[in-house]
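Asker: Sequential numbering of the sequence shown, starting at 1, is according to the numbering used here.
No lab work stands behind these hints: they were computed from the structure. No residue lacks a Cβ here, since even glycine has one placed at the ideal position from N, Cα and C. The reader is advised that the hints may include incorrect statements.
Heads up, simulated EDC-like pairs for lysine to aspartate or glutamate below, C-alpha to C-alpha not over 20 angstroms straight-line [as the list claims (entries may be wrong)]:
#	residue 1	residue 2
1	Lys216	Glu203
2	Lys258	Glu279
3	Lys38	Glu203
4	Lys168	Glu72
5	Lys204	Glu100
Label-pair restraints from in silico Cβ distances [unchecked claim]:
#	residue 1	residue 2	range
6	Asp128	Ala239	44 to 50 angstroms
7	Ser113	Ile242	16 to 22 angstroms
8	Ile242	Asp91	38 to 44 angstroms
9	Gln244	Lys216	18 to 24 angstroms
10	Glu238	Gln145	44 to 50 angstroms
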Amino acid sequence: MNSILKDIAAVKADHENVIGHLTWHSLSEMLITPNELKDKLIASGMGEGWMPNEIRLPDAFRRATSDKFKREVAPGVYENYMYREVASTHDFVQRNLVCETKDTKGRRLDYHSDAGSVVLDRKTGKVDTRYVTAIAQQLVSSAAQRFDIYRQHYGATTLRTLFSNILKSMSPTPVRPSGGIYFVPKQFESQLQSLVGFVTSLEKGEAEKIPLIDTKDMKNMITRKLSEHLQSTLEACEAGVINQLRKGDLKVILDEAKRIVEDYKHYEFIVTGDLREMEQKCQLIRQKVAAALKNMAD
Numbered sequence: 001m002n003s004i005l006k007d008i009a010a011v012k013a014d015h016e017n018v019i020g021h022l023t024w025h026s027l028s029e030m031l032i033t034p035n036e037l038k039d040k041l042i043a044s045g046m047g048e049g050w051m052p053n054e055i056r057l058p059d060a061f062r063r064a065t066s067d068k069f070k071r072e073v074a075p076g077v078y079e080n081y082m083y084r085e086v087a088s089t090h091d092f093v094q095r096n097l098v099c100e101t102k103d104t105k106g107r108r109l110d111y112h113s114d115a116g117s118v119v120l121d122r123k124t125g126k127v128d129t130r131y132v133t134a135i136a137q138q139l140v141s142s143a144a145q146r147f148d149i150y151r152q153h154y155g156a157t158t159l160r161t162l163f164s165n166i167l168k169s170m171s172p173t174p175v176r177p178s179g180g181i182y183f184v185p186k187q188f189e190s191q192l193q194s195l196v197g198f199v200t201s202l203e204k205g206e207a208e209k210i211p212l213i214d215t216k217d218m219k220n221m222i223t224r225k226l227s228e229h230l231q232s233t234l235e236a237c238e239a240g241v242i243n244q245l246r247k248g249d250l251k252v253i254l255d256e257a258k259r260i261v262e263d264y265k266h267y268e269f270i271v272t273g274d275l276r277e278m279e280q281k282c283q284l285i286r287q288k289v290a291a292a293l294k295n296m297a298d
């Protein structure tokens, strides 16, 4: 990131000379109620239309029973506790607490598949627990307490997905292979400012945007990154078909590819050099998407 920003951060740009912004954001673990989230979305200018889906009880229940616990009970002997789902019907969801005992000295591995259980009644929203040991009692009771919290709060994972979805509406291009830093064209400046304001309004959120000036070097950089983005998108489409991904997984890749090709029009005023290579990549992606969709329908 430092190499990208080295010559940019100190520039005070004339608004007319800005071609877009570099932006990034981060979020530590946190919880927020739906009402609090809606208020912050409205206050930032994003609007409540970006609200995530309502919290489903089974989803909150599975989040509450996703933790693992490990302890040493004797020299070289460890107990690993984890939850496994054993039943899910219209009426209830049951997850059992499994205890895996690993004896590194005796080179043995034992399982107790029913050390405890946590059962969610879908209709009443109540949770019943059962256990056979004191440590199992602590773990299932803790899971039940977490469920009471998670059923009323969104977590950081949901918020990060929300950030990503909002950013995708601004035709972003990643500027480093590992992601995390994006270029957003100038025409989305007001939306980007709202996103930055929204993220920073959260207790554990951070976000920045830095203007990119209309210079040959900056345009060349964005052109190069856009070309790389199109190429990786084309390769992802090809790999998805070759690897025979499930229809749902392949559709996610194809929908993303269609969005990226559609976003290209926002970069035509930035791209330098011969446009034919970019347009050829866009056309190849369209062809791959069309062929894949046809195969899915057959």
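Asker: Next step is simple, just say for each hint if it's right about the structure.
Answerer: Results for each hint:
1. Lys216 - Glu203: violated, 39 angstroms
2. Lys258 - Glu279: holds, 14 angstroms
3. Lys38 - Glu203: It holds: about 15 angstroms lies between the C-alpha atoms, which stays within 20 angstroms.
4. Lys168 - Glu72: violated, 46 angstroms
5. Lys204 - Glu100: violated, 35 angstroms
6. Asp128 - Ala239: 44 to 50 angstroms: 45 angstroms Cβ-Cβ, so the 44 to 50 angstroms window holds.
7. Ser113 - Ile242: 16 to 22 angstroms: violated, 39 angstroms
8. Ile242 - Asp91: 38 to 44 angstroms: Given about 42 angstroms between the Cβ atoms, the range holds.
9. Gln244 - Lys216: 18 to 24 angstroms: violated, 44 angstroms
10. Glu238 - Gln145: 44 to 50 angstroms: holds, 48 angstroms
Consistency note: the structure conflicts with the earlier hints numbered 1, 4, 5, 7 and 9.
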